[in-house]
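Q: Chains as they are written, first to last, in the working numbering: chain A, 1 to 233; chain B, 234 to 362; chain C, 363 to 502; chain D, 503 to 1097.
Hints listed in this document are in silico derivations from the structure and should not be mistaken for laboratory results.
One or more of the hints may lead you astray.
[What the hints assert, rightly or not] Computed from the model, here is a short list of chain B residues facing chain C with C-beta under 7 Å:
1) Val268
2) Phe270
3) Val275
4) Ala277
5) Gly285
6) Gln300
7) Gly316
What you are looking at is a predicted structure, and each value in this text was computed from that prediction instead of being measured.
Note that CB positions come from ideal geometry on N, CA and C, so glycine has one too.
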Amino acid sequence: MKVKLRILRYDPEKDKRPHFENYVVEGQPNDQVLDLLNQVKWYQDGTLAYRRSCAHGICGSDAMRINGVNRLACKVLVKDVGRKIKIEPLLGMPVVKDLIVDMEPFFEHYRSVMPYFVNDDPPPQRERLQSIVERERFDDTTKCILCAACTTSCPSFWASGEYIGPAAFVQAHRFIFDSRDRAAAERLVVLNERMGVWRCHDIFNCTEACPREIEITKAIGELKMAVAKGRID
Amino acid sequence: MALSRRVSFLAGLRYRGKQGMLNFILHRITGLGIVAFVGIHVVAGFFGQQFGDDLSFALNTIYESWQFQLFVYFSVLYHALNGTRLTLMDLFPKLMRFQRELLWLQWAIFVVSFGFPSYFLIQTSLSSS
Amino acid sequence: MRTSRPIRSSGFIEYVLWLFTRFSGLLLLLFAAISMGVAFSLGGRTLLDLPTMTRWVFFPNPNHVVNSDIPDVSVGWSNAFWQIFSVLMIFLAAGHGINGVRMVLEDYISRPLLVAMLRVLLFMLWLACMIFAVYVILYS
Amino acid sequence: MQHQYEVIIVGAGGAGLMAALYASRGARTAVLSKLYPVRSHTGTAQGGVGAALGSEEEDRPEWHTFDTVKGSDYLGDQDTIEFMCEQAVPVVYELEHMGLPFNRTPEGRIAQRPFGGHTNNETGKNVRRACYAADRTGHMILQTLYQQCIKNNITFFDEFQVLDLLITDGVCCGVVAYELATGELHTFHAKSVIIAIGGWGRVWEITSNAHSYTGDGVGITLRRGIPAEDMEFYQFHPTGIYKLGILITEGVRGEGGVLLNSENARFMETYAPTAKDLASRDVVSRAMYLEMRDGRGIDGKRYLNLDVRPDTVNKYAQKDGRTFPDGSPYRLSAADVMAKLPDIIDFCRTYMDVDPVTQPMPVQPTAHYAMGGIPTDVHGRVLIDEKNTVMPGLYAAGECACVSVHGANRLGTNSLLDLIVFGKESGVRAAEFANQNGFVALPDDPVDFTRQQLDALRNGSGKEKAADLRQEMQKVMFDHVGVFRTQDGMREAVDKVRELKERFQEVRVDDQGYLYNTDILEAWEVGCLLDIAEVTAVSALERTESRGAHAREDYPKRDDKKWLKHTLAFLKKDEVELRYKPVTITKFQPKARVY
Chain A
1 MKVKLRILRY DPEKDKRPHF ENYVVEGQPN DQVLDLLNQV KWYQDGTLAY RRSCAHGICG
61 SDAMRINGVN RLACKVLVKD VGRKIKIEPL LGMPVVKDLI VDMEPFFEHY RSVMPYFVND
121 DPPPQRERLQ SIVERERFDD TTKCILCAAC TTSCPSFWAS GEYIGPAAFV QAHRFIFDSR
181 DRAAAERLVV LNERMGVWRC HDIFNCTEAC PREIEITKAI GELKMAVAKG RID
Chain B
234 MALSRRVSFL AGLRYRGKQG MLNFILHRIT GLGIVAFVGI HVVAGFFGQQ FGDDLSFALN
294 TIYESWQFQL FVYFSVLYHA LNGTRLTLMD LFPKLMRFQR ELLWLQWAIF VVSFGFPSYF
354 LIQTSLSSS
Chain C
363 MRTSRPIRSS GFIEYVLWLF TRFSGLLLLL FAAISMGVAF SLGGRTLLDL PTMTRWVFFP
423 NPNHVVNSDI PDVSVGWSNA FWQIFSVLMI FLAAGHGING VRMVLEDYIS RPLLVAMLRV
483 LLFMLWLACM IFAVYVILYS
Chain D
503 MQHQYEVIIV GAGGAGLMAA LYASRGARTA VLSKLYPVRS HTGTAQGGVG AALGSEEEDR
563 PEWHTFDTVK GSDYLGDQDT IEFMCEQAVP VVYELEHMGL PFNRTPEGRI AQRPFGGHTN
623 NETGKNVRRA CYAADRTGHM ILQTLYQQCI KNNITFFDEF QVLDLLITDG VCCGVVAYEL
683 ATGELHTFHA KSVIIAIGGW GRVWEITSNA HSYTGDGVGI TLRRGIPAED MEFYQFHPTG
743 IYKLGILITE GVRGEGGVLL NSENARFMET YAPTAKDLAS RDVVSRAMYL EMRDGRGIDG
803 KRYLNLDVRP DTVNKYAQKD GRTFPDGSPY RLSAADVMAK LPDIIDFCRT YMDVDPVTQP
863 MPVQPTAHYA MGGIPTDVHG RVLIDEKNTV MPGLYAAGEC ACVSVHGANR LGTNSLLDLI
923 VFGKESGVRA AEFANQNGFV ALPDDPVDFT RQQLDALRNG SGKEKAADLR QEMQKVMFDH
983 VGVFRTQDGM REAVDKVREL KERFQEVRVD DQGYLYNTDI LEAWEVGCLL DIAEVTAVSA
1043 LERTESRGAH AREDYPKRDD KKWLKHTLAF LKKDEVELRY KPVTITKFQP KARVY
């Protein structure tokens, strides 16, 4: 069946401003939108630029706006979105070419929450013990693939690029609620800043956008409570 | 050159977020609305009372029209209900798992508590005029 | 099995205001319920239509509603308890509202100096609001 | 533009990041990666990392060693295998100390699950050796290592694709990289270079590998005269999603899932009476292929069912007498499936509308892992001939390297282990080397060779499209150099690939710009894939036996007399030169391999 793609193109070497271009490709209901993009790039117009790698929703390269919502191109099938598909780059980050956005600001926020395990006590000979329940506490937020679909769906982030953003909160949550970690206090100080958790207005765009189905808003809620109560539970 | 990261208000509105985003927008609009008309109302009331200012009296007359009352009632009720939902979720993050259910509950309460009074309001206003 | 670990966290105005917004919201709802309850019990219900009554409930002074034939109810309200009640309510409402405005504006403004100026301006606006309201409540 | 670092690491997957962590402790280090580091293919590894921790039941590194040797069909070098299996235990604890969120046992220890080919050497039963974090172990390893790299302030050059290796007088002195954002060529001058660039599953049509898994590292070294070892051994994972190739972890069978044919029979009982569905991967893939060839594919199509529905699992577990470690009979509930295999359930629901809890999953063998690659010794040093001559300053680790611990067939969970053990080792050694040696001068005009290649792609006649060539190559390779191979088929594949290489000269890219020109890089990658395909097909054609993943219909037996040796393939202008070197055997003499 024929599928119509409407792609927002922007080539900084040629265009002053972005414009839509239409392509018609042959597609099956079970094709990924990424397959269609590949068809365009390989057989119709090689200048189309987008990121992709694993093609099954694990690497997080191909987050983009598909029919107005942030999705991974490889996790959306044609039958989910119909035969007219509008594809645009993510909102709130500088577009460098076609569907490619500059990810640097995103990773800067990511780095700002100390997204790494800190425990300076000398480790035991074997593993640090952790109960199944303690492990379960932060399981959800370990799933994050840093695709930026959540952060770029957040109206607070659109309004201000300084907002730390859901993806970084998810990372903070993963470590703050890890019973082995010892740097929760430092991270909470960062989250307590003006552009921290208090800018989250429970809009749930991030939760809806997450391709890994992480309950992001809930995680942020737990972070808010951790700051408020001054303890983690 | 890379394009600017700025997201215009309209571009933001074009994002097809689900109910949560609609609620967020309504919450902001109703909130700002309440601030605006309560603010003006207080000032107008003060000036009217103290100086017998004509403009203030005129403003107050607008406030008392039933159409405007309906609007204010919508804003206050919506803002109150949505605010309560947000507060509950913020205080008990576990509730966020049921955010969709909470939204439907909120709308159900809203429809009932907005519908009946406004029905009577419109009826009495129309019959009295 | 689950451990609860204490953390230290520096108090910050953002957090205080976030908390204020939540609790003032809830308190306003509570106050509104009390006011209405009392208004009903004072017989307001039988005399007024709904919108007028709503305003009469929240701000009971004779000058408030100009174009209605409202009996002089201020007698029942003019005691210290209800005056303090009203002042408290206006304090919460104005704080809640102006803080809301601040949130919206700060979402779109990131320059620190501008933000600081805005905060001062809004604080003054809040003070002015309070002064007006207190004056009306106490001296009308 | 020119940069200078003591150690340059090419590739930011598991091996690259592990190497970066260790190299940066002793030397000024930079990591070059054509993707953002967290996008690397390590992240898609699912089932677990093998280490004989014995936290669930008795296990020993020696058993792990033997299982790996046996899994490799005795082609793995036993000294390096022993090293890896001994190192496995401390290095897994080290990952835990870095914060990796492993699943836990009730005692709070790292949880382990059974995997194909992991056995208790005394009883012959399957043993729990795969340490796992749900079914996203690779994802957690990649994330954890990247997090530690951030903590240690390691320099990254993200979206820099390495296109050439610089060698002066037989000493490696740096790399040339293409910056995606600007199209500029950068020269990186280094004392030592670690290549950790991953595999080349995209040579085949149906693969579990990423689009970017194009074996650039091996392509580059082949062009610079460094051989590739054991290229004919490429693993086909038994359970990829039908047509898509997306991986369904062996952990599914570890949890009790079984493979069923169109007669709803558990056919693995015939092919591997003891290990059954948890036999080594090449054995299972071959069995599936034979079932399908004999017309027992589901609905006559080329797929079989992988069934992890609790009823089925419990039925067969009871039949096998499988028990929990405490001796009670093994039971699996729907909730267990959902808790232990969340990602698998997600894939099946998203891509096939199949719910594994209530329906069987359609699977077929999928190109998965390269056992061969750049020949290295146990310290990651690259060897450039059959006499094991070391090229100073050049290291390789991870899937692109052939140590060779995997021999003719890799055991499940040993890939992640390979990454972390040899990533660490090569990082340590590369830094040591950098500390003991000075910079070697770069060749004149270092970017010349690269520029020629790119210019050719920009200015070609345009008669051919790179995508067409890739597709033709993938098809011929999957049909003829796949699970089962024949003389004629491989001959055809060699000819076809050579023809495609000719036609590759005519390619011209559409995108003539410089900023984010992904078109030209994709075309360049097709060039790499073609080189690798040729080397693979030629190496396979010569090996007249069946061993591990290399299964020939015309030579169905293993031939230890003639073929117990590693292939070294050198890419020459118009041909592939093959040489051979012996396999290191220490403790375990080759025996028949029965599961």
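Q: Are the hints correct? Go through all of them and say.
A: Verification of the hints:
1. Val268: Check passed: Cβ of B:Val268 comes within 4 Å of chain C, closer than 7 Å.
2. Phe270: Cβ of B:Phe270 sits 11 Å from chain C, so the hint is violated.
3. Val275: 6 Å, holds
4. Ala277: Nearest chain C Cβ about 10 Å off; hint violated.
5. Gly285: 10 Å, violated
6. Gln300: Hint on B:Gln300: violated, closest Cβ of chain C at ~11 Å, above 7 Å.
7. Gly316: B:Gly316 check passes; min Cβ-Cβ to chain C is 5 Å, inside 7 Å.
Checked against the numbered hints listed earlier, the structure breaks hints 2, 4, 5 and 6; every other hint is satisfied.
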